[in-house]
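Trainee: What follows is each chain in one-letter form.
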Amino acid sequence: MSESLAPRQTSSEPDGIQQEPPQTVASRLALWHRAGGIVVPILTVILAFLIGGLLVLGTGHNPIQAYWDIIKGAGLNWLAHPTNTDVANTAAYNFSQTLLQTTPLILTGLAVAFAFRCGMFNIGGNGQYLVGLFVANWVGISFVNMTKPAHILLGIAAAAAAGAIWAGIAGFLKATTGAHEVITTIMLNWVAYWIGNYIFQQGGPLQGAANKPLDIPISGDVAQSAKLPVFWGDADLQGLHIGFFIAIASLVVFWLILNRTTLGYEVRAVGYNPDAAAYGGIKVRTNYVRAMAISGAFAGLAGGLDMLGYLYHFGTTDVQASSIGFLGIAVALLGRNTAVGVGLAAFLFGALLYGTTHGLQSGTIDPSLAGHLTEMIQGLVVLFVGADVLILAVWNSRRKLQRKSRATQAAPEPEAASS
Amino acid sequence: MSTYAGTVQRAGSRLIEPTSVGAIGVTLGVIAFVLAIPPIAARSPLWPILVGIVAILFGVVAASRGAYRVGFGAIAAGALGAGLAVLATRSSTAHLNQVFTASLIASMLVFATPLTFGALGGIFSERSGVVNIGLEGMMLMGAFWGIWGADKTGSWVWGVLIAMASGGALALVHAFFAIHLRADQIVGGVAVNFLALGITGYFFVQLYHGENVPTGVSQIPDVQLTSDSSHGFFADSFGHLNLMIWIAMLFVVLTYIVLFKTPIGLRIRACGEHPRAADTVGINVYAIRYGAVILSGILAAMGGAYLTVGYLNTYNENVTAGRGFIALAAVIFGNWRPFGAFGAALLFGFSTALAYRLPVYSSNAAVLFQALPYVLTLIAVAGVIGRTVPPAADGRPYKKQ
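Order-wise, the sequence lines are chains A and B.
Every letter in the first sequence is one number past the one before it in the numbering used here, and letter 373, counting from 1, is 373.
Every letter in the second sequence is one number past the one before it in the numbering used here, and letter 196, counting from 1, is 1196.
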């Protein structure tokens, strides 16, 4: 990831000029993993929440009350008495909604994380999520005569494939022409954005029949046979659908692919050091395309599950407001690109996302105000989590602490022996 | 006498250089299209096609002599120009007159101006070796704080100045993380975009309740070159453009001079190409990079301020809507050069301006036209029309020894 936007320099440096040692993806990843454990992410989150709190305080609201409201809005107080699963209970309902938001966040987080483990930065999660959503909507509206399991399976598979193809374009361009994936995925995001504006607008191909000319353009609802079963709550009230388990399973799949398969080994090898991997006989280019495609499949799956799970329809304004894929970047970085980390970070952001918007009840802080607080905290998290020197400082202080504690442990012993 | 002949000879030999041949080809491609639209509006497809073919030939000649980028550009321009011209000859003159008026040039410049400011900012930052994905965020900061400043102080001058300060402040955050903390510059840029979205959104709700859009705020004035009543090609296209549009064009020239004709520009480029070497000869790499990144924030914010204080004269949430990313695309498309980026901004501005007028033909397809800048950039970075070459040390943190 730290490789520059410049094409790799193949010609040797002129004599006598010492190029600084290349900061490879390997060194950076290793640093992150070594220094992190769970310390840096937690510090990052606390710092981000503190700064966000200061802003809330500065603009004349009570930050502690605001955060408490957000926690209640996310339904986290339900965890205190988890036996009451009746969604008529506000806490239980809010918690189910938090999990509903967590579902796509896990997957878009995995999308960023998987590419990252191959040494690429996939900023295109949102575009891949959107194309997955479009395709799932199309499949859900068409093929109405299929049986429920077949229809759902087709919809999910098509969404994942669409995401894979969308990201695969970036991977293919990187493999064949060396085009930097950051630039190409950003551009693909906006292409998907305008495609969305095209297909859902008045008279667009996916615009719903029930739409009146002056309404905000919106697509038709997916057929009953394509809707995912709801296992907690009511389907009409945005119940929690079984896509949640698919997301959890994806975390396991992510871990299995990376750590227990040849494919994963190759992907990680390329991520650590593409030159060494090539020397070891691994096809670096093939792995770029493969890793991007798998990464896009995760994001496309997120779009598919959202569409068939609870959205059922989509409109141009939804396209313009969509940011789940961008949140995936924060989720992956905070989760240190590991399966467990992504799961936890997705839950944090899912809670923040729902707790600051729809779930927020009391009048301490305006929900629309709190919604932007989420964006700010998200930005701060990404900002702090990416700072190498910050991580190094934490790493060093941790080592110092360990040394000190070892020294203090070692020191009393002779005294104990002598007394 | 002999010197005169020499000059003529040199000028002649420059004309048949492959890049010049290619440039002529590109121009011919554009002419092929222009022939078919008002005021000329040739009704027979013969002439545009002929000119298009000549353009393609020029392109082939240029490409075969090694000027791949401009050569393939000429081939594409010739084919596109002829193709579009044939389409134009088939549509009714009434429709053409509606779309291709002189004011199309004015609206192209309107849409190109925020992109130009953003792209110039991006060039400064990236030429000094710091990737700036955060242009969008800095532009958004300028857009919001610009209109807020103009609203509170009652003067657009203060509005623009406050916008510049806000963009510079956000750029300072990016610079601090990218330069001192050696954070990954792409991650930092992404973070800056989120931050700007959060900050402007938060204060838009806090200060204006998210809906009380300020209207009637002091607006950046237009430059009246012709009287309001006069009409004609010049009056409609350049007669009353906004002051910021002229400033943007002036800045393009200034940026070129600063970057390529002054010592400070040489230093900036040295930091972007080989920071260690720059450090060795006594250039303060950190200071140069800080300056360049902050300048990029200031410029991007001016683009945002133009958007709200100059053009829309109001604000709504996330008003920039991806213009910062098109500016980034213009930087890449223009190969990290001011005039190249300006050309790309004009092209992207033209495609947007056209997208707003094409509903005359088909209201649906016109929306897709807005994706054109992104698709073109995809093609450009893929190296189909010549390889784009970023500064060698772009995106690499530099550690002093």
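These are calculated hints, taken from the structure and not from any lab test.
Warning: the hint list may mix true and false statements.
[Unchecked claim] Capping the alpha-carbon separation at 25 Å, the derived lysine to aspartate or glutamate pairs in DMTMM-like fashion look like this:
#1 B/K1400 - B/E1211
#2 A/K148 - A/D275
#3 B/K1399 - A/D275
#4 B/K1400 - B/D1279
#5 A/K72 - A/D275
#6 B/K1152 - A/D366
Please read all numbers here as calculations on a predicted model, not as lab measurements.
Trainee: Taking the hints in turn, state whether each one holds.
Mentor: Hints and how they fare:
Between B/K1400 and B/E1211 the alpha-carbon distance is near 49 Å, which puts this suggested pair outside the 25 Å criterion. This hinted pair does not check out: A/K148 and A/D275 have alpha carbons roughly 48 Å apart, beyond 25 Å. Distance hint between B/K1399 and A/D275 is fulfilled; the C-alpha atoms sit about 23 Å from each other, no more than 25 Å. Simply put, B/K1400 and B/D1279 have alpha-carbon atoms about 8 Å apart, close enough for the 25 Å limit, and the pair holds.
At roughly 50 Å between alpha-carbon atoms, A/K72 and A/D275 are farther apart than 25 Å, so this suggested pair is violated. Pair hint B/K1152 plus A/D366 holds up; C-alpha atoms about 23 Å apart against a cutoff of 25 Å.
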